[in-house]
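What follows is the residue order along each chain.
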Amino acid sequence: EPEVTQTPSHQVTQMGQEVILRCVPISNHLYFYWYRQILGQKVEFLVSFYNNEISEKSEIFDDQFSVERPDGSNFTLKIRSTKLEDSAMYFCASSNRQGVGELFFGEGSRLTVL
Amino acid sequence: GDSVTQMEGPVTLSEEAFLTINCTYTATGYPSLFWYVQYPGEGLQLLLKATKADDKGSNKGFEATYRKETTSFHLEKGSVQVSDSAVYFCALSDLGTGRRALTFGSGTRLQVQP
Numbered sequence: 001e002p003e004v005t006q007t008p009s010h011q012v013t014q015m016g017q018e019v020i021l022r023c024v025p026i027s028n029h030l031y032f033y034w035y036r037q038i039l040g041q042k043v044e045f046l047v048s049f050y051n052n053e054i055s056e057k058s059e060i061f062d063d064q065f066s067v068e069r070p071d072g073s074n075f076t077l078k079i080r081s082t083k084l085e086d087s088a089m090y091f092c093a094s095s096n097r098q099g100v101g102e103l104f105f106g107e108g109s110r111l112t113v114l
Numbered sequence: 001g002d003s004v005t006q007m008e009g010p011v012t013l014s015e016e017a018f019l020t021i022n023c024t025y026t027a028t029g030y031p032s033l034f035w036y037v038q039y040p041g042e043g044l045q046l047l048l049k050a051t052k053a054d055d056k057g058s059n060k061g062f063e064a065t066y067r068k069e070t071t072s073f074h075l076e077k078g079s080v081q082v083s084d085s086a087v088y089f090c091a092l093s094d095l096g097t098g099r100r101a102l103t104f105g106s107g108t109r110l111q112v113q114p
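Going down the list, the sequences are from chains A and B.
Start counting the first sequence at 1; every next residue gets the next number (the numbering used here).
Start counting the second sequence at 1; every next residue gets the next number (the numbering used here).
Because the hints were derived from the structure by calculation, they are not lab data.
Values in this document were obtained by computation on a predicted structure and should not be read as measured data.
A hint or two may mislead.
[Said to hold, decoys possible] Chain B regions said to be covered by chain A (calculated; three or more residues, Cβ under 8 Å):
#1 39 to 51
#2 103 to 113
[Claimed, not checked] Straight-line C-alpha distance at most 30 Å; calculated BS3-like pairs for lysine-lysine:
#3 LYS83(A) - LYS57(A)
#4 LYS77(B) - LYS57(A)
#5 LYS60(B) - LYS42(A)
#6 LYS77(B) - LYS83(A)
#7 LYS57(A) - LYS60(B)
Quick reminder that beta carbons are idealized off the backbone N, C-alpha and C, glycines included.
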């Protein structure tokens with residue numbers, strides 16, 4: 001069964017360092033998403049991506065964040081200068097249509113900023 | 001803005017017990033409602049959904065009814081199994097606001113004991 005894969009599963013970094021989280025969405029999906037969950041808190045929407053551009057983003061997704069689809073398979077989230085409060089589980093998701101559709105999530109990448 | 005509130009966990013039940021996980025929402029438009037489940041070590045998976053008032057979503061013995069009058073979408077199962085142990089997330093998508101991204105609750109951990 002097709003699945004969304006994420007790497008790394010866990011990354012520890014120093015404050016101020018750049019981090020890139022990688023995702024391989026399901027191959028025939030066209031819509032891509034990043035969510036995050038700070039420990040004990042809600043799963044929060046960060047950004048959605050379609051047709052090689054951001055289609056929607058939340059207030060959390062500020063200038064420190066960027067997304068890219070560098071090739072036909074990968075979808076990346078970059079945090080330019082990590083802060084302690086960026087420590088969270090980051091989930092990638094993809095879907096084959098917008099609106100009321102099913103999102104397929106990866107297992108998540110845990111980011112710990114020291 | 002839109003929001004989802006779930007009962008806090010963990011919820012601990014014995015096998016074959018009746019399960020209810022409460023979920024209420026606030027939304028500007030006419031949201032679609034979802035329950036996602038996360039089994040240990042896996043990503044979030046869609047469990048069921050309802051797109052309009054009085055709709056009942058069902059899957060794997062779980063049910064939830066979209067109650068507009070009480071702004072609720074409580075998850076129920078008549079007889080839980082150990083294999084149902086997971087974290088359950090209530091979510092909404094409010095196309096009426098032009099925002100298609102899912103808004104999640106904080107999740108409720110269910111532990112089913114043999």
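Practice item. Check whether three or more residues of the stretch 103 to 113 of chain B sit with their beta carbon closer than 8 Å to a beta carbon of chain A. Key: holds (count 5)
Point to revise | Agreement of LYS60(B) and LYS42(A) with the hint, judged by alpha carbon distance not exceeding 30 Å | key: Judged against 30 Å, a Cα distance of about 25 Å means the pair holds.
Practice item. Verify the proposed pairing of LYS77(B) with LYS57(A), using a straight-line Cα cut of 30 Å. Key: violated, 35 Å
Practice item. Sort out whether LYS83(A) lies within 30 Å of LYS77(B), counting only the CA atoms. Key: violated, 41 Å
Practice item. Apply the coverage criterion to the stretch 39 to 51 of chain B and chain A: a residue qualifies when its Cβ sits closer than 8 Å to a Cβ of the chain, and three qualifying residues are needed. Key: Per the Cβ count (8), the hint holds.
Review point. Does the structure keep LYS83(A) and LYS57(A) at a Cα separation of 30 Å or less?
Key: Holds - the C-alpha atoms of LYS57(A) and LYS83(A) are around 19 Å apart, at most 30 Å.
Check your understanding: Between LYS57(A) and LYS60(B), does the CA-CA distance stay at or below 30 Å?
Key -> violated, 33 Å
Checked against the numbered hints above, the structure violates hints 4, 6, 7; every other hint is satisfied.
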